[in-house]
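Chains as they are written, first to last, in this note's numbering: chain A, 1273 to 1616; chain B, 1273 to 1616; chain C, 1273 to 1616; chain D, 1273 to 1616.
Careful: at least some of the hints might be erroneous.
For identical chains, the list gives no copy identity; a pair is met inside one copy or between any two copies.
Once the Cα atoms are required to be at most 30 angstroms apart in a straight line, the calculated DSBU-like pairs of lysine-lysine come out as [said to hold, decoys possible]:
| hint | residue 1 | residue 2 |
| --- | --- | --- |
| 1 | Lys1304 | Lys1494 |
| 2 | Lys1299 | Lys1427 |
| 3 | Lys1397 | Lys1481 |
| 4 | Lys1607 | Lys1494 |
Just so you know, the hints here were simulated from the structure itself, not pulled from any lab data. Because the structure is a prediction, the values reported are computed rather than measured.
There are 4 protein chains.
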Amino acid sequence: MIIVLRPESTPEQFDHVLERIKELGLKAHVSKGELRTIIGVIGDEDKLQVQPLSAIPGVEQVLPILKPFKLASRELRRQDTVVEVGAGVSGVKAVRIGGGALVMIAGPCAVEGRDVMESIAPKVKAAGANLLRGGAFKPRTSPYSFQGLGEEGLKVLRDVGHGHGLPVVTEVMNTRQVEMVHRYADMFQIGARNMQNFDLLKEVGQAKKPVLLKRGMSATVKDLLMSAEYILSEGNPDVVLCERGVRSFEDSTRNMLDMSAVPNVKGQSHLPIIVDPSHATGRPDLIPSMAKAAVAAGADGVHVEVHSCPEKALSDGPQALLPAQYAELVRDLRKLAELLGKTF
Amino acid sequence: MIIVLRPESTPEQFDHVLERIKELGLKAHVSKGELRTIIGVIGDEDKLQVQPLSAIPGVEQVLPILKPFKLASRELRRQDTVVEVGAGVSGVKAVRIGGGALVMIAGPCAVEGRDVMESIAPKVKAAGANLLRGGAFKPRTSPYSFQGLGEEGLKVLRDVGHGHGLPVVTEVMNTRQVEMVHRYADMFQIGARNMQNFDLLKEVGQAKKPVLLKRGMSATVKDLLMSAEYILSEGNPDVVLCERGVRSFEDSTRNMLDMSAVPNVKGQSHLPIIVDPSHATGRPDLIPSMAKAAVAAGADGVHVEVHSCPEKALSDGPQALLPAQYAELVRDLRKLAELLGKTF
Amino acid sequence: MIIVLRPESTPEQFDHVLERIKELGLKAHVSKGELRTIIGVIGDEDKLQVQPLSAIPGVEQVLPILKPFKLASRELRRQDTVVEVGAGVSGVKAVRIGGGALVMIAGPCAVEGRDVMESIAPKVKAAGANLLRGGAFKPRTSPYSFQGLGEEGLKVLRDVGHGHGLPVVTEVMNTRQVEMVHRYADMFQIGARNMQNFDLLKEVGQAKKPVLLKRGMSATVKDLLMSAEYILSEGNPDVVLCERGVRSFEDSTRNMLDMSAVPNVKGQSHLPIIVDPSHATGRPDLIPSMAKAAVAAGADGVHVEVHSCPEKALSDGPQALLPAQYAELVRDLRKLAELLGKTF
Amino acid sequence: MIIVLRPESTPEQFDHVLERIKELGLKAHVSKGELRTIIGVIGDEDKLQVQPLSAIPGVEQVLPILKPFKLASRELRRQDTVVEVGAGVSGVKAVRIGGGALVMIAGPCAVEGRDVMESIAPKVKAAGANLLRGGAFKPRTSPYSFQGLGEEGLKVLRDVGHGHGLPVVTEVMNTRQVEMVHRYADMFQIGARNMQNFDLLKEVGQAKKPVLLKRGMSATVKDLLMSAEYILSEGNPDVVLCERGVRSFEDSTRNMLDMSAVPNVKGQSHLPIIVDPSHATGRPDLIPSMAKAAVAAGADGVHVEVHSCPEKALSDGPQALLPAQYAELVRDLRKLAELLGKTF
């Protein structure tokens, strides 16, 4: 950590800062320049993270040096983490995510009923999807919109998915739901709106199932990794990150897909990261090219909403691909994956 | 709702759209122009809100006309809502918020212990604060930062606040905490990170205590009002909104304070709205002028973090005012309020 | 400047960095920690600003310490700059901006003709405006929109303004126009889209008339001050800054007014700063409260678009106040200014 | 265009709106609903674009239906535009951009001198670049940074580029420079900061050389297309767009690369669009994956900064690739292009 003093700081203020550093059991290295005095602080940065040194009179800036995440960090673990979903579930083909193995997650936004799900699951499987999605609890901006089928939806998702040999992933919105979702799902999804619902992160961190953690709408890449750190620090190592676009001034897409988050995360962290072009763009005409770009950028998978009848979907219909469009997309992604030496 | 067809849409697609509108029991008004066909849909817009008409082939745009919130809307209720906090609590002076009555919320970011709280509460009260704040559950970006004292913190906050005649407000982060926070606090706070934690909104909507709802970091004013609608639609009419800055590219302040949200909300909604310049700017040097600007803009109160020793605060110390600075600020705000015909 | 080396940097890389620092005639202070080596560099930071030290292998971060602007800086000049507009122009009442003197700039978005201008100028003057605005060169998003009257517009603006004793300000968009605008206007305006048109900044920096510099749509406060530095460094000390909103995700206002820019600039710079709530919000219903908030926040003036018939205005009509609304606003601002010990 | 009246609008206001529509020679289609009256306006939308109908009392919203650009629109011209650069220049191999032909633009940020340029040009050519870049006029945030060599830089760029058979592209910042840059360059570049310097757009629109138009830092895709429309409407059809990242809250990259702009533009416009991952990310570690993603997303080329000694570069060194890194990248891009049926 580096502390920069104001040009007009007094010798008393300088002494006070040094004293506080000593109190914490840390060492100070002082550089006095013509215009500014700079103090490098060496030692356990954890102690400093909770210290509001910038509130001390005479201090102009406090600059952290170390990254605030540890368990998620590439410095701790050089090798890519590979997350396995659905292992040991009877009748289900487990999926590996990371380390060269791509995941193809597909399914409707919401679970609307057994029939609709049965009309979608075999088609996305035939197209090449290896993990089925569908929401039973839906975070909706309006209280008057469809809120999901709840436990009934979880049952449908599991039955249909496992019936076709596919593991399933679904959103958990609330600490009260963790246990129930755990009973049915092979992977938890934490949605963008809950990326900083820290109690929820802690509870899925204590559960023993993989977690798909979506980036918040105004979260930086560092924020995303800090949220992953919450899960990891509770003992759950199986976290897959998901870039799904952030809020911006651009009004012709639902969000702005920050594609550079893929290599940005991979440089700093060993965790896998996938891309969700459906929520990122909100436009079926843009999804295929963004899915291809994601794989080319090094993503460990793609998450796409697919619906057999988008115009009757109870949630987010306008951004879903038709099964046939999805099949064509997966064909293209397969060729790309081969070229890049990846598999799914 | 208005539906615009693509220039190349076919007569079959046009018929298909009309049929879907009829199915919903609504009437269509068709305008055929040289380049586009436009269909106005008249009737109960609720039915349309869940219909993904833009997923129908041939449809270019779907433009909603009515505001998606109802109970929060000024159209429903012309008169300003006045929220009362702490009414009927023995020894406590109840506070009115809205309709010309300003609230002055002050206190430390986190409840750190009885002694610290006792060193702050009488000072902010003497300065003119009429509602005491302090977090017992702290949403922190890092799992390694101080997470709050939990129930012990709630007890301290209530005891110290009520001991000085002040009602208290504190954050609830999790549905599991609603009951406990309800036992101690006079007002719930929903933090920015939980503005779209819809299950939590529903549960405080069922509780019978006022709610301070903070704007999310990338929430639009409409999103904020929709989240208020969740609380109102569960039967709790006592919602106070809080502008606390949004994420932006500006890197010299913690967030960007969207001051225009104050009159923007007031034009559309009858709910009171206050401003939190502490979180919005993260800089004590900017807090006083932003508090004054908020009152001049028409805000129904100001929320300021005050700490007796910011450099030892366990959370957000660098953005707290000292009690003496706060007292000076309230003196200025009082003159401004008088000029504008408001009271606190 | 502080240089942080990567944990895995080699001794050769360390030596190479030290060598480059020496080549520049600067001194290095080295702090070796357990995890990182930190090098403080003391001396003339100008030399370092053009040095891409972060491109040296082994370097993780380069953190600048000093502010990159000098002439605009409060450290250079403690006292507020007061800019005088229209001094020595016959028949005109000069206006002082800064140091407690507020400027009230008003007028139509575009100069549309002598009659329209004559229907506006006496009314805004009677309301209390002391500087008349109007665009003769209009930066329009569409090439098919009205582009302004050019020199004819400049003539009308000057004749009408000076005829009523008001100095005038108008936008210059292009280096080729500097000379012509200089002939007619008492103050140059640099619009948001040209805030980083550096050649234009240099040319108005060589001209001997005050400059109203508007903040760019995605400019930070530091960027704004750096653009002011361009003008100052060419010898023109008379720069007035203008906050006019920045681009954001909020879609119910034209831009997001960053009110905290007012005290933020004042803490770092001696230059006056005013606020333009017309462009910032794009909504007449929000302009009066934002103008009041600006004065309460410490702004040195307010810039408001006023039109006698907004619905027939050739540019930005929907955001203009009517003369009567403007008169009411100025009455309110006058009371606020009195309370704050300011005059206009 | 659609006009929505306020619920409380009066019959007089309704009549007034109809009258204004008639005055413009347009036809109105009225739909009266329970809560709102909606007026569809059919006819030449150009007339309406300059009419501030939303300023009429009683009007709640005015919704445009047609896209405001015409010449840039895919509706006007279905076929991809192919821009040719360097055609007819002796010794130079002309480059085609668009319609399946990719352009590989490479070179240093600034032209620093003949020797440096000679150390870069043959290497990027050998790597596969087919268009050489380098700035002679540099838009720098600080007036104290290197501002470019001016005409001498243009000469060096042309001599070295043409000497190696490569056409050259360079930035023009100012209307006064258009003629001079035209003498030396094969393609004009309009930088992000000048995307809405409309006078400059008009002048390069009158020149008879292709233009590389970079997206502004807070420009929407529609804004970018409107700026292209300025150039096209002056008679120059040879415009190539460039996505180079926009400003956002993410602080670990220089800008946020909006990859979806590529298919977003291609759906609406016939103009080619390339991607500049150097400015978009500012980080050499992210450039290769973003270049690959761009090609997979359908971009018509990639613009990359390459420098033989980034740590001594006079501008933007930290974001440049070394020639060997660039050669490796082009090898990867070539395989990708082949897979996608494109050539360069």
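Broken hints, numbered, in rising order? Per hint list: 2 and 4 violated.
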